[in-house]
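Work out the full structure, taking the sequences as your base and the hints as a guide.
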Amino acid sequence: MDEVFQKLERSLIAEISFGNFKFELSNTLLCVWIAMALLIIASLLLARKLNQRPGKAQVILEMLVAFIRGMCNDFIGDAHYKNYVNYIGTLFLFLCMSNLLSVLNFIPGLNIYSPTKDINVTMPLAIMTILIVIYSSFRYRGAGGTAKSLFAPIPMMLPFNLMEYVTKPLSLCLRLFGNVVAAFVIMELIFHTMGIAAAPFSAYFDFFDGILQAYIFVFLTCLYIGQAVEIEA
1 MDEVFQKLER SLIAEISFGN FKFELSNTLL CVWIAMALLI IASLLLARKL
51 NQRPGKAQVI LEMLVAFIRG MCNDFIGDAH YKNYVNYIGT LFLFLCMSNL
101 LSVLNFIPGL NIYSPTKDIN VTMPLAIMTI LIVIYSSFRY RGAGGTAKSL
151 FAPIPMMLPF NLMEYVTKPL SLCLRLFGNV VAAFVIMELI FHTMGIAAAP
201 FSAYFDFFDG ILQAYIFVFL TCLYIGQAVE IEA
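Here the sequence shown is numbered in my numbering, starting from 1 and rising by one per residue.
What the hints contain is simulated information worked out from the structure, not anything from laboratory work.
Keep in mind it's a predicted model, so treat the numbers as computed, not measured.
Taking lysine-lysine pairs in the BS3-like style, the calculated list, with each CA pair at most 27 angstroms apart, reads: (1) Lys82 - Lys148; (2) Lys49 - Lys82; (3) Lys82 - Lys168.
Here's what the structure looks like:
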C-alpha cells in the first residue's frame, strides 16, 4: 500500500531555470503533455484524408462528432449548442485520453499514469466549466436575468443558488478525481497480486470507467450550461 500511495503523489522530474524563474516539470504535467500530443497526432492522422466516401476511420470519427453534437443539442438546446461543441468535444477527448493513459502501465518500463488522478488537473477543468456557465448566463440572460435566476423560485433560495457556483465545480472536480484515484488504487492492488494476469481488469477500471467518467463530466457540463442559457418566460 505504501508503494501504491507513493505513485499517487506528484513527483518532480526536472527543474529548468530561466534567470529568477524556475519551471518544474512534474510527472502530472508530463502525462498531460503526452495526452495532448496523442490527441494532436490522432487528429492529424484521422482528418488528413476526409472524403465523401468515408472509410472505417472516418466513419468512427463522424460518429464521435455526431455523438458530441447530439449531446450538446439535447442539453444546451438548438439555439446555442453550436457555440459550445468545440469546448465540449475538446474536453471530452482530453478526459478520455487522460483517463486511458493508465492502460500504458502494462508496458514494461513505462511509468505513465492518468493525470486526472491529480486534483491540480481536475480542479482547473471544473473552474473553466463554471466560468463558462457564468459567462453564458450573462451573455444570454443579461445581468437582470442572471440576478433574477438567483432568487428563483423564491427569494429565500438566494443563498443556496449562490452556493451552487461553489458546489458545482467542487462536485465536478472531486467526482472525477475520486473515481480515477479509486480505479488507480484498485488496479495497482490487483496488479501487485496477480501480475500481468490482471490485464483483463484494466478493460473495466482503466478503459470503460475512464470513458464513463469523462462522459459524466461533460454531461454535467452540458447540463449546467443548458440551465445557464435557458431564458425564463
